[in-house]
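2 protein chains.
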Amino acid sequence: MEIPATQQYAIGIDIGGTNTVYGLVDRRGHISYRGATSTKKHEKIEDYLEELYESLMPTIEQAGGVEYIKGIGIGAPNGNFYTGSIEYAPNLQWKGVIRLVDMVKAKFGLPAALTNDANAAAVGEMTYGAARGMKEFIMITLGTGVGSGIVVNGQLVYGHDGFAGELGHNIIIPGGRKHWATGFEGSLEAYASATGVRLTALEMLEKNPETPSIMRNYTPDELDSRLVYDCAIQGDELAVEVYNYTGKILGMALANFVMFSSPQSIILFGGLTKAGDLIFKPTKDAMEENLLPIFRNKVAIIPSELKEADAAILGASALVWELP
Amino acid sequence: MEIPATQQYAIGIDIGGTNTVYGLVDRRGHISYRGATSTKKHEKIEDYLEELYESLMPTIEQAGGVEYIKGIGIGAPNGNFYTGSIEYAPNLQWKGVIRLVDMVKAKFGLPAALTNDANAAAVGEMTYGAARGMKEFIMITLGTGVGSGIVVNGQLVYGHDGFAGELGHNIIIPGGRKHWATGFEGSLEAYASATGVRLTALEMLEKNPETPSIMRNYTPDELDSRLVYDCAIQGDELAVEVYNYTGKILGMALANFVMFSSPQSIILFGGLTKAGDLIFKPTKDAMEENLLPIFRNKVAIIPSELKEADAAILGASALVWELP
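These protein sequence lines are chains A and B, in that order. Residue numbers for the first sequence follow the numbering used here, beginning at 1 and rising by one. Residue numbers for the second sequence follow the numbering used here, beginning at 1001 and rising by one.
For reference, chain A alone in the conformation it holds in the complex:
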C-alpha cells in the first residue's frame, strides 16, 4: 500500500555529547511524539539503539506502522552523510567509526540518513524554518561551540568527504585566543561560542579594572554566557561591550563566508542569538564593513525560526524528506 506523502512521518534523532532527543515529525514540522535519553548511559551502541527502538516502536505502531514512516534522520557529532558513519567523535564514548546508518536500517527496517548537527539544523531551517524556499544560505549555530551548515544551489554542501562546513574552526584572528580543545589560535569558535563570550567577559573585566560592572558581583567560576547576557540587558557597559566585541569578530568572519558562497541570507541559531540586537547589530555592522561593495546591503542576517527546544529533532527529521 502506497501511503500519500502528506500522511507520512519522519523520525528525527539528535545525538548530543550529553543528551539524545528524538521524535516523530510530520511534513509541516509538527512533532507528535518526543523522547529523550542520556547519550552516555549505554557503553555499547547496540544497547543505546535498543532503548531508542523500544521507545519509538509504540509510537510508530500508533502512527499506523512502519509503512507510515518515510525514514529516520540522525544528527550527530562527526556524522558523515556519505558513509553513514559517526567517525572519531571526540565527545562520544563510542570510539572509532560507528556504522550508524547501517545499524539503524537493520534495527528499524527503515531508510536512514546521518549528518552532523549543524548540517541537520540547516536542512531543518530549509524545510520548516527561516530558510524555506531559499537556495543559497549559511546556517551558523552559536552554542557551546560554533557549527555551520552551508546550502548552495538548494543542496547542503558536504564536500568530497562529507565533512564540509566546519566554519567555527576558521582562523579569524591569527595568533589570537587559544582554543581550549583544538589548540588553534584565533578560531571563530574561541570567540563566538558560549565559552568564548565568557572568556571575553573575563578578559574585559581584568583589562578595565576601573570600569564598574555588575559582572564583578560574580566569581570567575560563576560568570557564564547567560550571566553576561543578563548583565547586558540591564545595560551594563562592559557586558554590552562583550557583545560588541563578539559581534565584531563574528561579522568579520561572516564577511569572509559571504565572499565565498554569496548567500541570500545567514541564519543564526543558538544561545547567543537570544541577545537579539545586542549581538545582531554589531555583527551586521562588522560584516558590511568587511564586504566588497558588490556584496553590501544584500545579505540578511536573520534568527532561526525553529524553537530551540524543537530544533534538534526537526533538523534531524528534515534529512528524511531529502531521501530519494
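For the record, the hints were derived by calculation from the structure and aren't laboratory data. Small disclaimer: the values here were computed from a predicted structure and weren't measured. One should not assume that every hint holds.
Stated by the list, open to error - Mimicking DSS-like on lysine-lysine, the simulated pairs with C-alpha atoms at most 30 Å apart in a straight line are:
| hint | chain 1 | residue 1 | chain 2 | residue 2 |
| --- | --- | --- | --- | --- |
| 1 | B | Lys1298 | A | Lys95 |
| 2 | A | Lys178 | A | Lys95 |
| 3 | B | Lys1248 | A | Lys178 |
| 4 | B | Lys1207 | B | Lys1178 |
| 5 | A | Lys248 | B | Lys1178 |
| 6 | A | Lys70 | A | Lys107 |
| 7 | B | Lys1248 | B | Lys1298 |
| 8 | B | Lys1284 | B | Lys1274 |
| 9 | B | Lys1040 | B | Lys1274 |
| 10 | B | Lys1095 | B | Lys1207 |
| 11 | B | Lys1307 | B | Lys1105 |
| 12 | A | Lys178 | A | Lys107 |
| 13 | A | Lys284 | A | Lys274 |
| 14 | B | Lys1274 | B | Lys1248 |
| 15 | A | Lys178 | B | Lys1178 |
| 16 | B | Lys1095 | B | Lys1041 |
| 17 | A | Lys281 | A | Lys298 |
| 18 | A | Lys281 | B | Lys1178 |
| 19 | A | Lys307 | A | Lys40 |
| 20 | A | Lys178 | B | Lys1298 |
| 21 | B | Lys1207 | A | Lys178 |
| 22 | B | Lys1284 | B | Lys1298 |
| 23 | A | Lys178 | A | Lys248 |
| 24 | A | Lys44 | A | Lys105 |
| 25 | A | Lys298 | B | Lys1178 |
| 26 | B | Lys1284 | A | Lys298 |
| 27 | B | Lys1178 | A | Lys284 |
| 28 | A | Lys135 | B | Lys1298 |
| 29 | A | Lys105 | B | Lys1135 |
| 30 | A | Lys207 | B | Lys1178 |
| 31 | A | Lys178 | B | Lys1095 |
| 32 | B | Lys1041 | B | Lys1070 |
| 33 | A | Lys107 | A | Lys40 |
| 34 | A | Lys135 | B | Lys1105 |
| 35 | B | Lys1248 | A | Lys248 |
| 36 | B | Lys1135 | A | Lys135 |
| 37 | B | Lys1107 | B | Lys1070 |
| 38 | A | Lys298 | B | Lys1135 |
| 39 | A | Lys178 | B | Lys1284 |
On the provided structure of chain A, position chain B as indicated by the hints.
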C-alpha cells in the same frame, strides 16, 4: 542539420583590463584560431564587438559556419553569469551595467555565457585541465590580483547574485597590510598577489638591513615579483623568505577555505605558481597546520594544467560546453 557534438567548436573570449584574447576551441581544448586586441581601444562596446566579429567571422566560416559553433563563452571582470552582464567593473572603460550576453547573442546569432575570469578558469580546469573528473575543488588564481572559482557538486558556485567566489578579498590578517584598491586591511590579495609579493620583499629588505640580498641591487621601483622570483631561485635568503611568508598566509587562507567546502583539491594558477616548491611547500605546510585533524592530508594543492598563454581562452570557451 545536426552537427555531431565531437565536431563542434566553442569560441572563448577573455576580456582583461588591458588586453582581450579570443579563440576557437574544440572539445579537447585544442585552440585552432587565436586573436587579440586592446580592451581599451574602443570607447564604445559596440565598436569593440564589431572588431571581434570581423576578426572571428572568417574563422567561423572556415570551421563550416555558425552551425558548427556551439556558442560563445566570455570571461570578464565583474561578469555575472545570471544576468549575462558586466556590472560596474572598476577596471573597464565601459561603465555601469553592460548587457554583454544579449549583445553578443544578437551580433553573432549564437548562444553565449559570461562569468568572471577566475570562474572561467575553474571551468576550464574542469573541462581540459587538472580538475577533469573532479566534483569538488577550488581554483585560486595568483596573478596581479587573487581570484577564485569554487566548484561544489560538479557545479560552479555562483551564489544568489552571481558574484560568489571573491576569496582574494577575505580578511586573513585583521588590521594587516592595507590593500591599495579596496582599502581593506589584511585581505589575502594584499599578500598573495604579484603586488603583495613585491610589498613583502620591500618590507623585508627594510626590516632586515643587515641581511645581504641580491634584491638590494635594484631600486624599489625596479623590484617586482618576477625579480623576487629570480633572486629566490638563486638561493637569496631574503627572497626565499618572501615566499615562505607569502605561503604561510596563503596556506592559512586555504585552510579556512577547506573547512568551508572540503574540496578534493585546490588548484593554483598564475605567475606566483612558477616559483614551484618555493611557494607550494610553505603553502601546503601552513594549510595542514591550520586544519582540523579530520581534514589533514586529504587535500592536494596542485598547479594548473593549462598553459598560461592558453588558459584565458580555454576557460572562457569551457563555459560553452556547460550551456544547455
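Inset, instruction - Could you work out which earlier hints the structure fails to respect and list their numbers in ascending sequence? - result: Those not satisfied are hints 10, 12, 26, 31.
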